[in-house]
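Protein chains in written order, with numbering that gives the first Met the number 0: chain A, 0 to 295; chain B, 0 to 295.
I should point out that these hints are in silico values taken from the structure, not numbers from a laboratory.
Even for Gly, the Cβ is constructed at its ideal location relative to N, Cα and C.
Warning: the hint list may mix true and false statements.
[Claimed, not checked] Covered stretches of chain A (chain B as the covering partner; in silico rule of three or more C-beta atoms under 8 Å from a C-beta of chain B): (1) 98-108; (2) 131-144; (3) 153-162.
[Stated by the list, open to error] Partner residues are not named here, just some residues of chain B that face chain A (Cβ under 10 Å, in silico): (4) Arg10; (5) Thr95; (6) Asp103; (7) Ala108; (8) Thr125; (9) Phe131; (10) Pro162; (11) Ile165; (12) Ile166; (13) Lys279.
2 protein chains.
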Amino acid sequence: MQIISTITALRHRLRDEESVAFVPTMGNLHEGHLDLVRVAREHGRCVVVSIFVNPLQFGVNEDFSKYPRTLEQDCKLLEQCGVDVVFAPSEQDLYTQPQQVMVDPPAIANELCGAFRSGHFRGVATVVLKLFNIVQPQVAVFGKKDYQQLHIVRQIVAQLNLPIEIIGSETVRAADGLALSSRNQYLNPTERTEAAFLCRTLANMGKAMRDQAALNQAKLNQAKLNNLRDFSSLEQEARDTLNARGWKVEYIAIRCSSTLLPLTAGDKDVVILAAAWLGKTRLIDNLEMNLQDGLS
Amino acid sequence: MQIISTITALRHRLRDEESVAFVPTMGNLHEGHLDLVRVAREHGRCVVVSIFVNPLQFGVNEDFSKYPRTLEQDCKLLEQCGVDVVFAPSEQDLYTQPQQVMVDPPAIANELCGAFRSGHFRGVATVVLKLFNIVQPQVAVFGKKDYQQLHIVRQIVAQLNLPIEIIGSETVRAADGLALSSRNQYLNPTERTEAAFLCRTLANMGKAMRDQAALNQAKLNQAKLNNLRDFSSLEQEARDTLNARGWKVEYIAIRCSSTLLPLTAGDKDVVILAAAWLGKTRLIDNLEMNLQDGLS
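Just chain A, same shape as in the assembly (with noise of 0.2 Å):
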């Protein structure tokens, strides 16, 4: 495995591979990412990990200056999982000058996340094209933890005519369900022991939402419009809930998952997605759906 820290010797180094895989990341791996690593493998003869902790995308008051940053532990871990090159540039080398071309991302990158993280998906998608024209890759794979980065992602590749395969990775979990995530190690330990409740909550929406839908169809025509009406207490009392237990709720919504926007009636692939503090940590998590399952 090669660790290579400037754009001139990555593709120097890339120069003659044809196939490509690349896993974008800020560093601070975990079994999440390696997973997104053996997706990678499976793609591309060459698999290129990014660590690079993007200035762009941090709000003025989030954690850029405290995320932590340990590039030796992942790279041990990557040459384990049989990557063939980590890229760690510098700031000065990715941003080396002030960087006034950006992004714009869709309109759907100011909802959601977006609502509460001003700028943080265009300065995601400026380093995310930035990386992609670095490394070139054929295949580049996501995590869908990040469900609305991926969605936007994707955008980008089919708007700006990106001819790259962008393949969403499903979420790992620990063994209560916690998706894993960096931010997970702010949790003191009775924190890290209610931060499970996230995803409980959007299994208990999932479970609530097929019956809803059974029952509406049995009640024949009407239900479409019913289903929209009650989704939406679904969302408000998972709110409530999760605030009662002393989270600071920040969204929690059902949407169609191939665009993200609120449901219409006719939409069958869904996704509850939420965002949520707990103490000083703030948490997502998402769960996809398909409503067919409770209407057919």
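Take the given structure of chain A and dock chain B to it, following the hints.
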């Protein structure tokens, strides 16, 4: 020469090309475009010319609908110039969905032409990036006549880390000095005669700058500050002269040629840029010069 109208077919055609030189155009080709093609032929084994009138870069009151479309004639000219592939996509193919992902150009895009054509360079930046991603050239050639556009494209390439060499090609002029442009055909015969006064004005300004610089040099060290002050009065005189002859000047500006920012002490490579309306036709032109010629 192949004429290709879909992205899929173009990608297929170019898949095994090792060296592609690209000339993006809006068609209605004249000798200026053909000169870009000649430059491209010196830089790539396979020359691709795109023809696409990009709606994103036209303002609501601009000439998108009446912009001359002459595909058949264009293709004849390009074949004579030894072009390998003409890429003439439909609007539907290039903008399959409403374009939400946009490239935000650098701040300079709001000055000069950008101050009068809101959103223009955002539209240019976005379509140029899309075309770059589709064609994936090693080299792309742009005319210096659209000087600010060339500057912005260079910034996009640098700041988004595109592996493309951008070549700026000299402006081709009519016998009387008028810069060739598809929009020149909007001029009536009287206007066409008057139109050459724009480049003569820039040439006169250039001469006056050299004279003044030489004169100030003789007065020794206070020279640079005087230059800056005096040059702004040259801009004003040129505006007044053109307006008095019936033009409507948008801007005439003496700028640093590498940043397009106003001159600061020490700048040597400068460019005089102008945009002005003659009747219903908007003309632009520019003149590069090196102030050391006068100062030495």
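Cross-check of the supplied hints:
{"no.": "1", "hint": "98-108", "in the structure": "holds (count 9)"}
{"no.": "2", "hint": "131-144", "in the structure": "holds (count 3)"}
{"no.": "3", "hint": "153-162", "in the structure": "holds (count 8)"}
{"no.": "4", "hint": "Arg10", "in the structure": "holds (7 Å)"}
{"no.": "5", "hint": "Thr95", "in the structure": "holds (8 Å)"}
{"no.": "6", "hint": "Asp103", "in the structure": "holds (4 Å)"}
{"no.": "7", "hint": "Ala108", "in the structure": "holds (9 Å)"}
{"no.": "8", "hint": "Thr125", "in the structure": "holds (8 Å)"}
{"no.": "9", "hint": "Phe131", "in the structure": "holds (9 Å)"}
{"no.": "10", "hint": "Pro162", "in the structure": "holds (7 Å)"}
{"no.": "11", "hint": "Ile165", "in the structure": "violated (14 Å)"}
{"no.": "12", "hint": "Ile166", "in the structure": "violated (19 Å)"}
{"no.": "13", "hint": "Lys279", "in the structure": "violated (33 Å)"}
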